[in-house]
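Enquirer: Since the structure of chain Z is already known, use the hints to place chain X on it.
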Amino acid sequence: MKLNALTAGELLERLDKKDLSPSEIISSLNRQIQETDSKVKAYVRLSDSLEHQTPSIKHQAPTLEGIPISIKDNICTEGYNTECCSRILAGFKPPYDATVIKKLKEAGASISEKKTNMDEFAFGSSTENSCFYPTHNPWNLECVPGGSSGGSAASVASDEAIWALGSDTGGSIRQPASFCGVVGLKPTYGRVSRYGLIAFASSLDQIGPLTKDTRDAALLTNIISGYDPCDSTSADIKVPDFTQALVNDVKGIKIGIPKEYFIEGLDSEIKVALEEAINKLKELGAVFKEVSLPNTKYAVPVYYIIATAEASSNLARFDAVQYGCRSTIANGLIDMYKKSRGEGFGPEAKRRILLGTFALSHGYYDAYYLRSLKVRTLIKEDFDQVLKDLDCIITPTSPTAAFKIGEKVEDPLKMYLSDIYTISANLAGIPAISLPCGFTRDNLPVGLQILAKPFDEEMIFRVAYTYEQNTPWHKMKPKL
Amino acid sequence: MEIKKETVEYVANLARIELNQKELEKLSGQLEDILDFIDALKKVDIKDIPPTSHILPMNNVLREDTPRPSLSHQAVLKNAPCAKGNFFGVPKVIE
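Residue numbers (the working numbering), protein chains in the order written: chain Z, 3 to 482; chain X, 14 to 108.
One chain only, chain X, in its complex shape:
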């Protein structure tokens, strides 16, 4: 399958990653090669085969809704690139 530079640009925007022109060109070729290889899967007969998203036979794992100690504000904010008071700081969102 042909992967155009515009497709890479579109996907990179979805993934919120800025790429330069050189990266865009290189990646379009590489992703094309990888997807060509992955296209081998088209040959498999998957009619009536259920998907496996998880290997263990468990679902809806629930726990009691009881409070327990958690990390302090200070510990949580320690790794933040920008923190003000008890909040994470981000660039202005509303114009």
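This is chain Z alone, in the form it adopts within the complex:
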């Protein structure tokens, strides 16, 4: 097997035995990128080199020594372009590293200069809102890879990356992981520092791993987690060694199946794949119980008020003064703001900023924003209630497999509904993973979502690992 097709865990074992050198791994990745990225387009800015920043500093615990990693275009990498796939940030080279990048460098990882494609400012579910070009799903090049971390998911699925970092505000790690047949984790809100993640919705955003298996997800979560004084919302809570949770045993584990997730709109092939996965876990000794999360139907509308309201405020910083592209035809300061933002933001960014500004504007604040914050409380209480007596919850990650490029571009509302199963975890702040659980008749991957109590990623890793050890899905590779 080619080196680029291995997991980070497997590569670390071989590096340990001095079986290979780090430069061989990077060469094999670069060969793959040159061979297949003209089809997949997981990476942006063809001008960016295939170089990797390999830390020269002496690190304390070189646990990832020699392992390369690909990074989403909204996570700051010092000296490497970080543009959120938006025209307004063209040419932006951050003067500092995000905390997660700093931690990766301290662990000896090599940071790829090529960044992965995404929907502009993470606004989207298909990676079609990138200002560069859409990414193609490695399993079917006519389909989207999901989004907004579509480039990260596709790079891992096509073996153009060993693993990658993405960000998840309403499903942006899990939904593309599901569409591309890889593992994607959204950690508990506060588990991973957001310092250096270009903000979309600050009360929902979390950085997380996209990997080829659960063990890699645990390894990477180990490195990036932890309290950070630079992010006042990061939680000062002990980080366990998540690899200790990788045990092949779910006997007696209590799992809830929320009935609101198995209704109209769920594709029948996804439903069948989920039922088979549930049966598999039953065989392995898990105990299932049907539960109800009655406010599930309000998650999408609540999200599109809260997320856009926070985004409209966060994106006010793009005023073409300290960074970003300034319009050359403006007349005066206010006109400079308006023209620079009018030229710099794409259609979905404009739509969301306007929706959020509207929801916060005089006369509508109570009816939309404040009301949404209250319904958010109800959604969170649903999970608190149900998880009191359960270890975790299992649902589909997405109601359908990957859809065709162009299919939903003209209908924003239809696009928003593709996040219907992932949004609640962000609103409630709980951790959730997506992992492969089968394929449709058209050979597109299907994803299984596991959600658990706040800061109980260990439970997620345990159930995911057990399922993976007893099924073949994570080993399947697309033919490119």
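Since the hints were made in silico from the structure, they are not lab data.
Predicted model, so just to flag it, every value in this text is computed and none were measured.
Each residue gets a CB set at the ideal place from its N, CA and C atoms; glycine is no exception.
Be aware that one or more of the hints could be misleading.
[To be verified] A short, non-exhaustive set of chain X residues, derived as facing chain Z with CB atoms under 10 Å:
1) Thr-20
2) Leu-27
3) Lys-56
4) Leu-69
5) Arg-76
6) Pro-94
Expert: For chain X alone, coordinates are given in the frame of chain Z:
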């Protein structure tokens, strides 16, 4: 709820985004559809429910007020579309 072109224009001005006529028309229809969908929230009984603006039980996170190294002027100004000396340059503000 009906979203008129004038409403979009008003909100776009608040958000400091210039839109052309085509964008204004398209957005008024799209925002209307999205807000109609969001109106489902009107059915929820929210009496006595407190708002959740943040999911973790923490507030007023403070740190010691001690100086620490920060970025140099040069690093901070490097990405500015217009910089003069140690300043960001903007179009004339006072007539």
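Enquirer: Evaluate each hint against the coordinates.
Expert: Quick rundown of the hints versus the structure:
Because the closest C-beta pair between X:Thr-20 and chain Z is about 8 Å apart, less than 10 Å, the hint holds. A distance limit of 10 Å between C-beta atoms decides the matter here; for X:Leu-27 the minimum to chain Z is near 5 Å, and the interface restraint holds. The criterion of a C-beta within 10 Å of any C-beta in chain Z is met by X:Lys-56, whose closest approach is roughly 9 Å, and the hint holds. Given the 10 Å rule on beta carbons, the hint for X:Leu-69 holds: about 5 Å separates it from the nearest Cβ of chain Z.
At about 6 Å, the closest approach between the beta carbon of X:Arg-76 and any beta carbon in chain Z falls short of 10 Å, and the interface hint on this residue holds. Restraint check, X:Pro-94 versus chain Z: the minimum CB separation of about 4 Å is within 10 Å; hint holds.
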